[in-house]
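Q: Here is how the chains run, residue by residue.
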Amino acid sequence: MDQKMQKIIDEMREVKLSPSEKASLKASLFKEIDSKNTLFVPVTVSSPYFAWFHFSKKHFEFVLASVLILVLFGSGVAFAANQSVPGDILYGVKTKVNEKVARLFHKTSLASEALFETHLMDVRLDEAEKLSDSKKLEGSIKEEVRKDVSEQTDRAFEAESALDKEKKNKDENKGSLLIGTATPKNFGNNMNGNGEENNEKLKSSTSTKDNGVPENAEENRSNTIQKVVEKHQKILEELKLNPGESHGEKNGKE
Amino acid sequence: MEKEKLRKEFGDLYEAYADALFRYCFFKTGDRELAKDMLQDICLKAWVYMQDHTIVLGRPFLYRLARNTVIDWYRKKKTSSLDNLLEQGFEPEDKKADTSAFAEKEQLMKMIGKLENEDQEILLLRFVEDLSPKEIAEVLNERENTISVRVHRALGRLREISK
Numbered sequence: 172m173d174q175k176m177q178k179i180i181d182e183m184r185e186v187k188l189s190p191s192e193k194a195s196l197k198a199s200l201f202k203e204i205d206s207k208n209t210l211f212v213p214v215t216v217s218s219p220y221f222a223w224f225h226f227s228k229k230h231f232e233f234v235l236a237s238v239l240i241l242v243l244f245g246s247g248v249a250f251a252a253n254q255s256v257p258g259d260i261l262y263g264v265k266t267k268v269n270e271k272v273a274r275l276f277h278k279t280s281l282a283s284e285a286l287f288e289t290h291l292m293d294v295r296l297d298e299a300e301k302l303s304d305s306k307k308l309e310g311s312i313k314e315e316v317r318k319d320v321s322e323q324t325d326r327a328f329e330a331e332s333a334l335d336k337e338k339k340n341k342d343e344n345k346g347s348l349l350i351g352t353a354t355p356k357n358f359g360n361n362m363n364g365n366g367e368e369n370n371e372k373l374k375s376s377t378s379t380k381d382n383g384v385p386e387n388a389e390e391n392r393s394n395t396i397q398k399v400v401e402k403h404q405k406i407l408e409e410l411k412l413n414p415g416e417s418h419g420e421k422n423g424k425e
Numbered sequence: 133m134e135k136e137k138l139r140k141e142f143g144d145l146y147e148a149y150a151d152a153l154f155r156y157c158f159f160k161t162g163d164r165e166l167a168k169d170m171l172q173d174i175c176l177k178a179w180v181y182m183q184d185h186t187i188v189l190g191r192p193f194l195y196r197l198a199r200n201t202v203i204d205w206y207r208k209k210k211t212s213s214l215d216n217l218l219e220q221g222f223e224p225e226d227k228k229a230d231t232s233a234f235a236e237k238e239q240l241m242k243m244i245g246k247l248e249n250e251d252q253e254i255l256l257l258r259f260v261e262d263l264s265p266k267e268i269a270e271v272l273n274e275r276e277n278t279i280s281v282r283v284h285r286a287l288g289r290l291r292e293i294s295k
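Chains A and B, in that order, give the protein sequences.
For the first sequence, this note's numbering gives the first residue as 172, with consecutive numbering after it.
For the second sequence, this note's numbering gives the first residue as 133, with consecutive numbering after it.
Hints in this document: simulated from the structure, not taken from any laboratory.
All C-beta atoms, glycine included, are put in the ideal place defined by N, C-alpha and C.
Keep in mind that the hints are not guaranteed to be accurate.
Said to hold, decoys possible - Below, simulated DSSO-like cross-link-like pairs (lysine-lysine); rule was C-alpha separation at most 30 angstroms, straight line:
(1) Lys267(A) x Lys266(B)
(2) Lys135(B) x Lys197(A)
(3) Lys197(A) x Lys177(B)
(4) Lys187(A) x Lys266(B)
(5) Lys267(A) x Lys178(A)
(6) Lys209(B) x Lys242(B)
As the list claims (entries may be wrong) - Far from chain B, by Cβ distances over 12 angstroms, these chain A residues were calculated:
(7) His230
(8) Glu270
(9) Leu275
(10) Glu401
Claimed, not checked - Estimated spans, in silico, between C-beta atoms of each pair:
(11) Ser191(A) x Val180(B): 24 to 30 angstroms
(12) Tyr206(B) x Lys202(A): 27 to 33 angstroms
(13) Leu138(B) x Gln174(A): 42 to 48 angstroms
(14) Val272(A) x Asn273(B): 54 to 60 angstroms
Just chain A, same shape as in the assembly (with noise of 0.2 angstroms):
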């Protein structure tokens, strides 16, 4: 760079402040500093985001004590609910809460699915038989203990018989259906008649594969129905008696 250049940026460099102006400054500065005690504090703005997993070790254990209970709390109530019979408080909690959730876990599978809503025709029976047990199966406990069974009794054909659909999409030549006559909606009305002949339109609704080779597991469930009647043979008789009482008298009801 030539000398006059050089020069030239000497004397730009001597712009600056002079010594009054330096002072005032800095004293408004230090003014300024001090009337607060800090300036511009950086805010922690806590992100409503995460705000969810934000708790201080003072409320954490609050917290958690809380969930505990909660969760022993309902589990005790869940637990208690299934041993419960139509009629009880927790009834509704076991039909409407613990076997739903429990029905949502079985629909992985149609085969699931039947075994499941069986499970639950063999409780519903089970259920009035207590009932009955205890001398409490009548009127109004009745006919709801009834409806219930029917219903859920109607549930349990059906997924057998979205099951057999599906095995019979599969392969035309294997199995046909495990339920033949006895369809859902007749079922009370076959449960009308005699105990034994149920059963026996029960076996013969049930063919043989064409294979001749039926699965274990496909007889085992199609056993299942089968074998929850033929358990709950004498509560059946009972709870059908309303239109045919004289029929489970027949049959040795006490």
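Based on the hints, put chain B in the right spot on chain A.
A: Showing chain B alone in chain A's frame:
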């Protein structure tokens, strides 16, 4: 006490850089009073940053603060500082400069005024504020090599204009 320590550090920082920052703002705006106001803003921002001990308040950081303050002003005013300077005349505080030197300065300012803003800034930071290419790179958020090349080109253009 931590605050006392910070106050002392701030005072030292002010004594070291107030003139340089003022000069930068003055040459960028052409207005002495405005440059003083800007310097106050820059210092207050520096005070805030000082409380965040993760930030190192070196020269490049302070010039970056100054540059951002000037840019904000430009956005509001949208006027050419150098045009103002040329219209108002260049009057340094030191009145001892003789007439011929003053005339030379005016001539130089006119020449610099013909340069692009980026070239003016580069020359100001490099030769007036005496920042190294590395420091200028930090201020302008550029690579050091880029700054060296720009300084060289700006000087070349200034020589072309001065012929």
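Q: Taking the hints in turn, state whether each one holds.
A: Verification of the supplied hints:
{"no.": "1", "hint": "Lys267(A) x Lys266(B)", "in the structure": "violated (74 angstroms)"}
{"no.": "2", "hint": "Lys135(B) x Lys197(A)", "in the structure": "holds (17 angstroms)"}
{"no.": "3", "hint": "Lys197(A) x Lys177(B)", "in the structure": "holds (14 angstroms)"}
{"no.": "4", "hint": "Lys187(A) x Lys266(B)", "in the structure": "holds (24 angstroms)"}
{"no.": "5", "hint": "Lys267(A) x Lys178(A)", "in the structure": "violated (94 angstroms)"}
{"no.": "6", "hint": "Lys209(B) x Lys242(B)", "in the structure": "holds (22 angstroms)"}
{"no.": "7", "hint": "His230", "in the structure": "holds (29 angstroms)"}
{"no.": "8", "hint": "Glu270", "in the structure": "holds (59 angstroms)"}
{"no.": "9", "hint": "Leu275", "in the structure": "holds (52 angstroms)"}
{"no.": "10", "hint": "Glu401", "in the structure": "holds (79 angstroms)"}
{"no.": "11", "hint": "Ser191(A) x Val180(B): 24 to 30 angstroms", "in the structure": "holds (27 angstroms)"}
{"no.": "12", "hint": "Tyr206(B) x Lys202(A): 27 to 33 angstroms", "in the structure": "holds (29 angstroms)"}
{"no.": "13", "hint": "Leu138(B) x Gln174(A): 42 to 48 angstroms", "in the structure": "holds (45 angstroms)"}
{"no.": "14", "hint": "Val272(A) x Asn273(B): 54 to 60 angstroms", "in the structure": "holds (59 angstroms)"}
Hint compliance for this structure: hints 1, 5 are broken, all remaining hints hold.
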